[in-house]
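Using the hints provided, position chains B and C relative to the given structure of chain A.
So the sequences go chain by chain: A, B and C.
So the first sequence is numbered by the working numbering: it starts at 436 and just counts up by one.
So the second sequence is numbered by the working numbering: it starts at 10 and just counts up by one.
So the third sequence is numbered by the working numbering: it starts at 764 and just counts up by one.
Careful: at least some of the hints might be erroneous.
Residues of chain C placed beyond 10 Å of chain A at every Cβ, according to the derived structure [stated by the list, open to error]:
hint, residue
1, P812
2, T843
3, R874
4, T908
5, W914
6, Q917
7, Q979
8, R1004
9, Q1041
10, R1085
11, F1094
12, E1101
13, A1108
To be clear about the criterion: a stretch of chain B counts as covered by chain C if any three or more of its residues have a C-beta under 8 Å from a C-beta of chain C, and this derived list gives those stretches [what the hints assert, rightly or not]:
hint, region
14, 103-111
15, 185-195
16, 238-252
17, 346-357
18, 371-379
I should point out that these hints are in silico values taken from the structure, not numbers from a laboratory.
Every residue, glycine too, gets a C-beta built ideally from N, C-alpha and C.
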Amino acid sequence: MKMPLAPVDRVLRWALVGLCVLVFIFLLVPVLAVIPLSFNAGSFLTYPMTGFSTRWYTDFFTSPRWLPSLWNSLFIGSIATAIATILGTAAALGLDRLGGVAKQALNALFLMPVVVPVVVIGSSLYASFAALGLTASYPGLILAHALLGAPFVVITVAATLSGFDRRLLSAAMSLGATPWQAFRRVTLPLILPGVVSGGVFAFATSFDEIVVTLFLAGPQQRTLPLQMFDGVREQISPTITAAATLLFLVSLLLVAVIEWLRRRGERLQASAPAE
Amino acid sequence: MRQPMSRFLRPRFSAWLLVLPLFLFSAATFVVPIVMMLARSVQDPELSRAFPQTAAALALWDGRDLPPASSIDTFIAELRDARGTEGLSFAANRLNSEISGFRSMLLRTARSLPRDRQDDPVAALARIDARWGERSTWAAMRRASGPFTDGFLLAALDRQRNDDGAVVRVAEERAVFVTVLLRTLWISTLVTVFCLLLGYPVAYLLASMPGRIANPLLVLVLIPFWTSVLVRTTAWVVLLQRDGMVNGLLQRLGLIEQPLTLIYNRTGVLIAMVHVLLPLMVLPLYSVMKGIGRAPMLAAMSLGARPFEAFLRVYLPQSVAGIGAGCLLVFISALGYYVTPELAGGGGDQMISYFIAFYTNRTTNWGLAGALSLILLVVTGLLYVAYARLSRGPRAPA
Amino acid sequence: MIWSLAKRALTVLALGALLAPGDAAARDLTVVGWGGSSQAAQRRVYYEPFTAQTRVPIQEDSWSGGLGVLRTRVQAGNVTWDVVQVEADELQIGCDEGLYERIDWAAMGGRDSFMREAVSDCGVGAVAWSVGLAYDGARLREGPTSWADFWNLQRFPGQRTLRRGPKYTLEIALMSDGVPASEVYNLLRTPAGVDRAFRRLDQIKPNIVWWTAGAQPGQLLASGEVVMAAAYTSRMFAARRDDNRDLRVVWNGSIFAVDHWVVLRGSSNRDNAMRFIQFATRPENQSRFPALSFQGVTNLQAALPSDAGVAASLPTQPDNLRVAMPLDVEFWVDNIEELTQRFNAWAAR
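Pulled out of the complex, with its shape left as it was, chain A reads as follows (with noise of 0.2 Å):
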């Protein structure tokens, strides 16, 4: 079935296939040549490494300025991510119910924090809240993180609303369950993959979150990419390559859920009977 390449073919074939070598490398490279250096038992970030090492990792489980901005971001995190859940779940159960206009003027507003660029709704945030007592404050850090992760999960829920059949409600509640026994042995279920994949989307979005925090955060409220981001600037210490390592470990792990909620989800309808 293959055509002979004429010389000059072959030769951009190759130079292709070499150029995306490069572009991978460039894509890996950062992540891939900064975890081995969180390792390195000199101080030095460069190669060749002097010697394998925890030291920064128990720096930064030891140092009174990471482990609590680790804490910080557990704990905004969580809190943002049930907010975020809780509200983009029931907006798209709701969303699926209405249509016409107003179904896409609120999609569009519930996207939206997702189009603005970051620091707008920063500084508009910080104007706001600091008339209300909100800035350097863990409630009003959590409502910002929870505005910005609950876009991911209206997405994901309704996503696997698309795919979801109504006659198996109607069936339900003609065997005389009420709405609510419905949603919650029906409904749920079913959509449950992708609240959870929305959770964890808000929560990567809250845990990895730079800018809005730069403008909200007090000294009480730093986050880990918060003293990351101070890090950088005003010293590079392994400590950090360390920090970036955890950070990069954690996103692994989440995508990771994800992906495994995916493909579970693909099965799922897969094995579901034909209509």
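Only chains B and C this time, still in chain A's reference frame:
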């Protein structure tokens, strides 16, 4: 008759009820704050709040010579009352953005006001500071007397109103925002072009491969996509340092003798931003190219076209939608970048976002921050509409 | 299982809502320094002993100056900082604008206990510091000796770092251009002098990396990113001690000034804030500071460091003071706004 009616109504009602919490939440934490911020770009409340009668009197002044003595009397009286209040410091702040140095002049004047009513109020003020005898001082106050102004929007374009109310360019050494706007567009354009040059071949190769090879490679594209921008920028700062890995490698290979300056300048910003945004180019291209498939190329080649020719004449035109979507996505994202230029760039590499942040929390000029936000939002919004059209394009009837 | 999860999420949510407002009401006393080694030293001799003695916990933050930052906080009603270490011009302008609480000098031990520069209505002198020419002795065998060398791109190729702002930068530019220290401010008071300083900066603009936080120059020197820096001298000596770096300081042409403790107006911790300032300016506490931070102190009764090496590296050491230029506070009070605007526009181009 009752039963079906309630069935018809209830789902709609419950749907609204479900949507309501997020609607209220978005309104409170998103729509209202942003609208208020944008509104600040045309509002000018400080002066009319601190000196309401003076503001009203100045609005009636014809702008020639000096305001009538009665208006200046009013001003002195109101300034006396405003001493030590918050309103005065807000007004001083606002006037300082009209004329640098106005803040200290106003505050000093407020402290050293004469006790009694003066026969010649202008002379009394001018004894405290000679600038009170100048027309431009009062013209600046008139410009700031609100309640609305176009001053911030003009300032965001390096324009201002002169004492006669005509729009003129600001002094050369003060002009900065047009440069910054053009730079923001230019950096975004360069990043988009580099992303396209690097991303197109990768998407093409991935789309032409069987799934069992393409999928793992796609994960390699997704991993950096999922890693936080901050982690990736940090990594580049570490790698591109003078003693960093990239310079070390180039030196060991004998390509350079002296280490190159790769960070805290435009090079660093471009490398880091292209890296961060490249996946946004590859993903839409890949999905469009998957849709094209191998068939058109094979058909063209079976008709005698050489592979490269077939690519140029058949494949490339079909992938234009993907190119457009990818480019717009990268460009829109690049426009609002803040952290990467801040960490990897120098003074001359900061984009518009930097200045929005600067005027929000490093100097209190929320009017200017609002005006710059408005410009950024309008450009982003227009491009996003184009993007939405384009990515919906093939499906929508033309 | 789902419901137990959801219930737990709701509990956490309610808990957070309960915790948070209490949190806001009882905000810890927040002390704001300039980060890095200087703040580390303050932590050891001021923050921690203060908390140990008074049981008042201290929350730290750091900043890099700029009156706008304080103005924004006070005017927006967003006073989440209590005690702030400010520069001399920020002290005076802010005091005129009513950004700070007044100092009760009787409680501080009287005005006469302090050096003249440390006394004002709104602040108490905290540290005496210098900014000077610094380089890494391990990288430059024959180092620079004056600001003129800072501009010598032939002899010292590479990047240099200066503070992002007009203060010290314009002075340094003029000194590098052969203007004697005694003439610098006279010249800067004329438009031609300011133009000359900016023109001088233009000559090395592509070779300048700007720093904002005081800890950055040491970092940039140590990583080899720059060959020379206009840096806080104290940080260089701290890096010598802590990181074994051969960072060196040229005292000739260094600029000397005093920073002050102030309390932001509207601070909800006003009394504790004043107590902290009183604690941190007591002679017995200030005596311990120079040996740790390589900065001078302001209380005249504070003992001088016994270590000769430390004493020689202090900005307040007479030999160092003799070749240094004092920061002209009056000049910056009058011109900081205008020149900052011009500088920002210039740097952004």
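Quick rundown of the hints versus the structure:
{"no.": "1", "hint": "P812", "verdict": "holds (17 Å)"}
{"no.": "2", "hint": "T843", "verdict": "violated (4 Å)"}
{"no.": "3", "hint": "R874", "verdict": "holds (32 Å)"}
{"no.": "4", "hint": "T908", "verdict": "holds (28 Å)"}
{"no.": "5", "hint": "W914", "verdict": "holds (26 Å)"}
{"no.": "6", "hint": "Q917", "verdict": "holds (28 Å)"}
{"no.": "7", "hint": "Q979", "verdict": "violated (6 Å)"}
{"no.": "8", "hint": "R1004", "verdict": "holds (15 Å)"}
{"no.": "9", "hint": "Q1041", "verdict": "holds (22 Å)"}
{"no.": "10", "hint": "R1085", "verdict": "holds (32 Å)"}
{"no.": "11", "hint": "F1094", "verdict": "holds (29 Å)"}
{"no.": "12", "hint": "E1101", "verdict": "holds (25 Å)"}
{"no.": "13", "hint": "A1108", "verdict": "holds (20 Å)"}
{"no.": "14", "hint": "103-111", "verdict": "holds (count 3)"}
{"no.": "15", "hint": "185-195", "verdict": "holds (count 3)"}
{"no.": "16", "hint": "238-252", "verdict": "holds (count 3)"}
{"no.": "17", "hint": "346-357", "verdict": "holds (count 3)"}
{"no.": "18", "hint": "371-379", "verdict": "holds (count 3)"}
Hint violations for this structure: numbers 2, 7, all remaining hints satisfied.
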